[in-house]
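Chains A and B, in that order, are what the protein sequence lines are.
FYI, the numbering for the first sequence is 1 to 110, going by the numbering used here.
FYI, the numbering for the second sequence is 111 to 225, going by the numbering used here.
Heads up, some of the hints might be wrong.
As the list claims (entries may be wrong) - Listed next, with one range per pair, are the computed distances between beta-carbon atoms: (1) A:38 with B:137: 18 to 24 Å; (2) A:10 with B:139: 36 to 42 Å; (3) A:14 with B:124: 44 to 50 Å; (4) A:10 with B:127: 24 to 30 Å; (5) B:182 with A:8: 37 to 43 Å; (6) B:125 with A:27: 20 to 26 Å; (7) A:61 with B:119: 25 to 31 Å; (8) A:14 with B:193: 36 to 42 Å; (9) B:118 with A:62: 26 to 32 Å; (10) A:67 with B:210: 14 to 20 Å; (11) A:52 with B:127: 45 to 51 Å; (12) A:16 with B:191: 43 to 49 Å.
These are computed hints drawn from the structure, not numbers from a lab.
We treat Cβ as the ideally placed atom computed from N, Cα and C, and that holds for glycine.
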Amino acid sequence: DVKVTQSSRYLVKRTGEKVFLECVQDMDHENMFWYRQDPGLGLRLIYFSYDVKMKEKGDIPEGYSVSREKKERFSLILESASTNQTSMYLCASSLARSQYFGPGTRLTVT
Amino acid sequence: DQQVKQNSPSLSVQEGRISILNCDYTNSMFDYFLWYKKYPAEGPTFLISISSIKDKNEDGRFTVFLNKSAKHLSLHIVPSQPGDSAVYFCAASYSNSGGYQKVTFGTGTKLQVIP
Numbered sequence: 001d002v003k004v005t006q007s008s009r010y011l012v013k014r015t016g017e018k019v020f021l022e023c024v025q026d027m028d029h030e031n032m033f034w035y036r037q038d039p040g041l042g043l044r045l046i047y048f049s050y051d052v053k054m055k056e057k058g059d060i061p062e063g064y065s066v067s068r069e070k071k072e073r074f075s076l077i078l079e080s081a082s083t084n085q086t087s088m089y090l091c092a093s094s095l096a097r098s099q100y101f102g103p104g105t106r107l108t109v110t
Numbered sequence: 111d112q113q114v115k116q117n118s119p120s121l122s123v124q125e126g127r128i129s130i131l132n133c134d135y136t137n138s139m140f141d142y143f144l145w146y147k148k149y150p151a152e153g154p155t156f157l158i159s160i161s162s163i164k165d166k167n168e169d170g171r172f173t174v175f176l177n178k179s180a181k182h183l184s185l186h187i188v189p190s191q192p193g194d195s196a197v198y199f200c201a202a203s204y205s206n207s208g209g210y211q212k213v214t215f216g217t218g219t220k221l222q223v224i225p
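Kindly produce the complete structure, drawing on both the sequences and the hints.
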């Protein structure tokens, strides 16, 4: 069974803080993704990576950066958290067309 | 610009009846379509997919239909069960100029199956 784990299920941060969201997959997948899910907007792609140290911007990369130093780990960084980044963050990995998702991190920025 | 649209935010169906979830897309480059199911407090899980060279794919109680000329796909669940109550996301993908898969998700439809 593919397992995608995310470091926290719930996180509360203050405006201006630097936030790290970690994601680890155990299936040696090449591709990893970060999405945010908001009511009425579905899943929107923030960044993705097709290889170690490689990253590509998704549809809404502003205010975010990513890091992929090892194949199994993909980190999402909020350099200076803002209240409009309060959301559910979902990490996924894939080998082919279908993606495997982690349980999500509910981030609240106050 | 919402390239993948699920126009029904919610749907209620009686147990045992058919559930039909719809999805429309605008980008002709999409060549692969997927449905994911999401329970509260969990990540989405892959349900079923279809390539653009087909018009139907079936897996047990779940069938996906693709109408390329109308840029429309639908997911049929027969018979519907209470455990099917979840949010369903439609997704569409194509290979971009860099050879990477570009995936776009819809906004989701919340299905409630009433016992």
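Quick rundown of the hints versus the structure:
1. A:38 with B:137: 18 to 24 Å: holds, 22 Å
2. A:10 with B:139: 36 to 42 Å: holds, 38 Å
3. A:14 with B:124: 44 to 50 Å: Hint holds: Cβ distance 47 Å, inside 44 to 50 Å.
4. A:10 with B:127: 24 to 30 Å: violated, 37 Å
5. B:182 with A:8: 37 to 43 Å: Check passed, 39 Å falls within 37 to 43 Å.
6. B:125 with A:27: 20 to 26 Å: Between residue 125 of chain B and residue 27 of chain A, where Cβ atoms are some 35 Å apart, the hint is violated.
7. A:61 with B:119: 25 to 31 Å: holds, 27 Å
8. A:14 with B:193: 36 to 42 Å: holds, 40 Å
9. B:118 with A:62: 26 to 32 Å: Since residue 118 of chain B and residue 62 of chain A have Cβ atoms about 30 Å apart, the given range 26 to 32 Å holds.
10. A:67 with B:210: 14 to 20 Å: Because 19 Å falls inside the window, the suggested range holds.
11. A:52 with B:127: 45 to 51 Å: holds, 49 Å
12. A:16 with B:191: 43 to 49 Å: Since residue 16 of chain A and residue 191 of chain B have Cβ atoms about 47 Å apart, the given range 43 to 49 Å holds.
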